[in-house]
Each structure stands twice: as C-alpha cells, then as structure tokens.
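Colleague: Got chain X sorted already, so can you dock chain U onto it with the hints?
There are 2 protein chains.
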Amino acid sequence: MSAQLTILGYNSAIPTVKSTPTAQFLQMCERYFLIDCGEGTQVQLRRARVKFSKINHIFISHLHGDHCFGLPGLVASFRLLGREQALHIYGPVGIREMMETIFRITETQRGFEVHYHELSSKQSEMIFEDEKVEVWTVPLDHRIYSNGYLFKEKEKERKLNMREVSKYKEIEVCDYHNLKKGKDFILSDGYVLKNEVLTDDPEPPVSYAFCSDTRYKESIADIVHGVDLLYHEATFLHELKAMADKTGHSTALEAAMIAKKAEAKKLILGHFSNRYNDHSVLLNEARTIFPNTFLPTALEPVEIG
Amino acid sequence: MSAQLTILGYNSAIPTVKSTPTAQFLQMCERYFLIDCGEGTQVQLRRARVKFSKINHIFISHLHGDHCFGLPGLVASFRLLGREQALHIYGPVGIREMMETIFRITETQRGFEVHYHELSSKQSEMIFEDEKVEVWTVPLDHRIYSNGYLFKEKEKERKLNMREVSKYKEIEVCDYHNLKKGKDFILSDGYVLKNEVLTDDPEPPVSYAFCSDTRYKESIADIVHGVDLLYHEATFLHELKAMADKTGHSTALEAAMIAKKAEAKKLILGHFSNRYNDHSVLLNEARTIFPNTFLPTALEPVEIG
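Read top to bottom, the protein sequences are chains X and U.
Counting in the numbering used here, the first sequence runs from 10 upward without gaps.
Counting in the numbering used here, the second sequence runs from 10 upward without gaps.
Wrong hints could be hidden among the right ones.
[Said to hold, decoys possible] With a cut-off of at most 30 Å between alpha-carbon atoms, the simulated DSS-like pairs for lysine-lysine come out as follows: (1) K203(U) with K226(U); (2) K255(X) with K60(U); (3) K250(X) with K270(X); (4) K255(U) with K226(U); (5) K255(U) with K60(X); (6) K27(U) with K27(X); (7) K60(U) with K27(X); (8) K27(U) with K60(X); (9) K189(X) with K226(X); (10) K27(U) with K63(X); (11) K63(U) with K27(X).
[Claimed, not checked] Some chain X residues flagged as far from chain U (calculated, every beta-carbon gap over 12 Å): (12) Y41; (13) F112; (14) R113; (15) V123; (16) S133; (17) E140; (18) K189; (19) K203; (20) Y225; (21) K274; (22) K275; (23) L292.
These are computed hints drawn from the structure, not numbers from a lab.
These numbers come from a predicted model, not from an experiment.
Quick reminder that beta carbons are idealized off the backbone N, C-alpha and C, glycines included.
Extracted from the complex, chain X is given alone in its bound form (with noise of 0.2 Å):
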C-alpha cells in the first residue's frame, strides 16, 4: 500500500451529533497530510487512531469555517503533547493572520515552529515536493478563494530482475543504482546490455486530488488528468442547479463530469447539503456519468491505487 485515504468528515456546513465537517487524513509513501481542518478533526483523528506527531502538513483549502475552525484546537493540542518538529501549513492569505491573533490572544505558547505557507495563485503550482511527493494546488470556483490539492506519487525506480543480474558477474552491487535509474549497462567487451532486460517495470504512481469546495469548473479536470481517486463535492443533486452556482458548490452530476473528462479511476462525493438524508440519490445522479462512483464513509480508510 504506498497511499491510503481516511475520510474523517465529509458534511457540509454544520456539525451534528452523527457527522464532522470536512477532514481528511491521506497517507502516501510514509508521508502523513492532513487535508481541511473543520471543528471536531482532532477528535476524529483520535477515532481513526493517528498519532498527531505524525501529521507535519496541513493543507487548507478555503477559510470558511466548516473546513479550518478545527485547526486551533488542533495546533494547541500539538502543544499541550509536547510536540517539538515544526508544522507547515498551507491555505489562503489570511490562514495566518487568523491563526496568530488566536494564538496571541489565547496565549497559545508554542514549543515548535509554524510555517505557514500563504496562496493566492489562481493558477496550478506545486507547493510541496520532496523525493516521493508532490503537491499541487487545483485552483476552485468558490464564493471565497478556494484551492483543491493534487498529491502525486513521483516516478518511482524501475526495480531489479535479480535472475537476470545476476547472470553477469561484471555487474556489481555499485552499478544498481543506474540500473534503477533506467540505465542501460555496457559490458567490457561492448555489448550493451538493455535496461528492459535487466529490470522490471516500477509500480505506478498513484495519485490523489481533493476538490471542495467549487462550483463545476472544467479547468479541475485537466490539472487532476489521469488521477486514482477524485474526492468531489456534490452538495446539490442537479435540480438545485442554480443553487449550486449561487453559492459556489457543485452538483453531484457535475462531479461526475469532472471525473468522467479526467479520466479519474476513482470518484468520491461529498460536502452533502443537510436537505439529504439519503445520499444514494446523490450517488444514482453521479453513476448515470460516471459508474466508478462512491459515497464517503467517515473512519474507513481507502486504499488509493
């Protein structure tokens, strides 16, 4: 498993007894991203068992309420566990300005380093890289700036085909690393030995994007092309279409049009408006376009790839 999703909350708008607003827990690679931050995330993280020491990145993807009013309670408690390693956390211009006035007025005295990390692009940009993953903000349609985010498993090494290899004393275990890096060998007396030969094709990168909230916006498709799992917002059924593009939201007909032109794998809805008790109208709605559809489950971890 080298990526896994854990959906912590998926409602929209106002806590209640049975659901959390937006939250989510992605694993790729031993990476651990926090993805929104609505109020209640930390106790939904301690239902799905994370360690809060694990979770270095926290990415925001627009400062209404339902998706950030977790994040001091969350930070404080990051404190109040001894935490030491820094924190960097991504969102729109304004995260920190919020976030310090609630800290300096709180008296929230840390023992550990924030880094926040402000946006304003309206274009694609990657904002995290190291040498497995990449993040790349999906610029929304929101009533407020808004970014989804794109979190991409980088080419991996081709693996070595040991039986073969291992026919060729000349090859040594210095000379692996080339071979990983897609590197023919040449034998002392010329003949080139061809890459394909000597290793195996590399497990495919997965991929995930994370889009809400927006209203239907074609652009998304492209940047997220090709994606393992789309998690989408649907909080209208596509009657209320002219409601969802008053208040800046999506259809669940229109998330499916998005994961149908990217060529998603993988779809998963969320965001419901309240008016839903039943969901399975929401995901009959997305199926007529895009069968690989799924509602969310709060807790039960995905496997992405």
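Modeller: Relative to chain X, chain U alone:
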C-alpha cells in the same frame, strides 16, 4: 423547577473521544445561558436537545482554547440556522478582536448583531440584570485573566393566600400587586391587615456559581456565599498542590474548602487533569471537607435549589 444546569463538557485541555472541554448550559427562570464554549460544544448542545435559538447570552470565563474554541463555529451555525435576534457575549478583553478577526477572514456574514461585553475588572460586578435574574462576575486567579460567574434569581414576589384574601371584599384585583410586594392592606375602617396574613413566603431564590479555571482564592467564597450549587474546578489532587499553583489550578481539597467556607449547599467538581482515569479519588478527597460533593455527569440535567 426554576433552575437547571446541564454540563456539556468538563474535561481539561484536550478533547477526547469520550469527553469534551468545558461548556455548560444553564436554564434559570426561562432564561438560557451558555457558560464557556470549548471545541465541540455545538454538538453537545445538539445531544442535549437544546434549541440554539434559545441562547442569547454566552459567558466565557477566560480565553484559553479549551474554554472558547467552539465559539466561532457556534456563532457561524447560528447564522446558517437563520438567527435574527441579537447575541450577547461576555468575556475578557480580547474576545471581540479574536471573534471579529475570525469572522472577517472567514467571511462569516451575520444576519444578527453580536454585542460584546468585554471584562477587565478585578472586582466582582453585575454584568447582566433583568426583572428575574442577575449575573455577577467572580474574579478568579489563573495564568490568564479569568472570571467565574454567579447566576442569582432575584427575590420573588410573595404568594397571595387566596383563602384569606377572599374574606375581604374591599381587596380588589388591582390591589394584588401591592400585596405581592409585601405591603399591608388598610381597610376603610382603618384596620390594618398585616401582609403576612394575606400572603405566603415565596419560593426562595436559587443561585448557581461557575468557577473555572482558578487557583485557590478565598474571596470566591465571599462572593458566592450561600450559593445553592457551586461548580468549582479541581484539576489535581492535593498531593500535586505545587503543580496546581504553578499552572493556575485548584486541587479537589481546595474546591471543597471554598464550598465549605461559602456554605454552599452542593458542590460539583470538574476540569480534571487527564492523568486521572478514575475521578473518584478527587471526589473522595473533596468529601473529607465537604461531604455534599459530586462528580459531573455530561448531558444529565441537575436541578438547582
């Protein structure tokens, strides 16, 4: 029943799966007061089946996160539920800046007014009064400026003794008001009917005091003297008195000392350190000094008086 307390949460510092931080809902003479508002309070209010629209007055003891991080989300939910009536928030200086910064950055529009009553006095003062109820601050001693709150019914009108009143044709309905106020009635022949013959004593007014977070502070007992129910924090056992002093908290023994000195009728402890799994040790310590002490029970209404 003229007063009823519902404890919504009473743990200290970090929300857990089983418990929520400080928040209480108090009904007194059909007035509805929220006291403190830790993260998750709005969900606890739902569990307690409280209609959000009843709450017009919120009292925040101090601006540590575990006593106020649920407030932005609650106010945002008020808006989403179509609230129109004004909301009064009482709390330390700084609460307005914090709340208004959050609302500005999260673009939380409101369809109702929020009146902030910012507190800075170190003397007890009356901060709310109507024809039936008074609310007084109880200055506390914590790491940060902190107030408890004393909720007092006013003296009630005397009750007409209709068996006696109906004996006198001269006493008309328009005279009842003065009788309830305690005045004697003078018959036309000059004979004075003593008020205590025509009326009975009213129910005694009830009172409730919330005191958290604070070090042991003797003046609390004077301010809340004779209170029917005292909620006093008891973060530690007395063997950790040095830690209590250092962190600005009380021990269970100290809470009981305040209750005894105040001649309170009943004491409920709360705000226990997470180090105690079994709260009965705190209860037993307090009962050595003040036998009528109880542990809090979330969501179970307690009658006062």
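Colleague: Run the distance test for K27(U) versus K60(X): straight-line Cα separation, threshold 30 Å.
Modeller: Measuring from Cα to Cα gives roughly 17 Å; hence the hint holds.
Colleague: Taking 12 Å as the cut and beta carbons as the points, is S133(X) off the interface with chain U?
Modeller: Since the minimum Cβ distance to chain U is about 24 Å, S133(X) lies beyond 12 Å and the statement holds.
Colleague: Beyond 12 Å from chain U, beta-carbon-wise, is Y225(X)?
Modeller: holds, 21 Å
Colleague: Is the Cβ of K189(X) farther than 12 Å from every Cβ of chain U?
Modeller: Label holds. Min Cβ-Cβ 44 Å, cutoff 12 Å.
Colleague: Can the restraint linking K255(U) and K60(X) be considered satisfied, given a maximum Cα separation of 30 Å?
Modeller: The given pair, whose Cα atoms are some 29 Å apart, holds under the 30 Å limit.
Colleague: Is it true that the CA of K60(U) sits at most 30 Å from the CA of K27(X)?
Modeller: Holds, at roughly 17 Å.
Colleague: Once the closest CB in chain U is found, is it more than 12 Å from R113(X)?
Modeller: violated, 9 Å
Colleague: Does the claim that E140(X) lies outside the interface with chain U hold up, using a Cβ gap greater than 12 Å?
Modeller: At roughly 34 Å from the nearest Cβ of chain U, E140(X) sits farther out than 12 Å, so the non-interface label holds.
Colleague: If you draw a straight line from the CA of K250(X) to the CA of K270(X), is it 30 Å or shorter?
Modeller: Since the Cα atoms of K250(X) and K270(X) sit roughly 19 Å apart, the hinted pair holds (cutoff 30 Å).
Colleague: Holds or violated: K255(U) with K226(U), Cα cutoff 30 Å?
Modeller: OK: K255(U) and K226(U) at ~14 Å, within 30 Å.
Colleague: Over 12 Å from every CB of chain U: does K275(X) meet that, or does the non-interface label fail?
Modeller: K275(X) is indeed farther than 12 Å from all Cβ atoms of chain U, at 30 Å.
Colleague: Between K255(X) and K60(U), does the CA-CA distance stay at or below 30 Å?
Modeller: Judged against 30 Å, a Cα distance of about 29 Å means the pair holds.
Going through the hint list in order, the structure does not satisfy hints 1, 9, 13 and 14.
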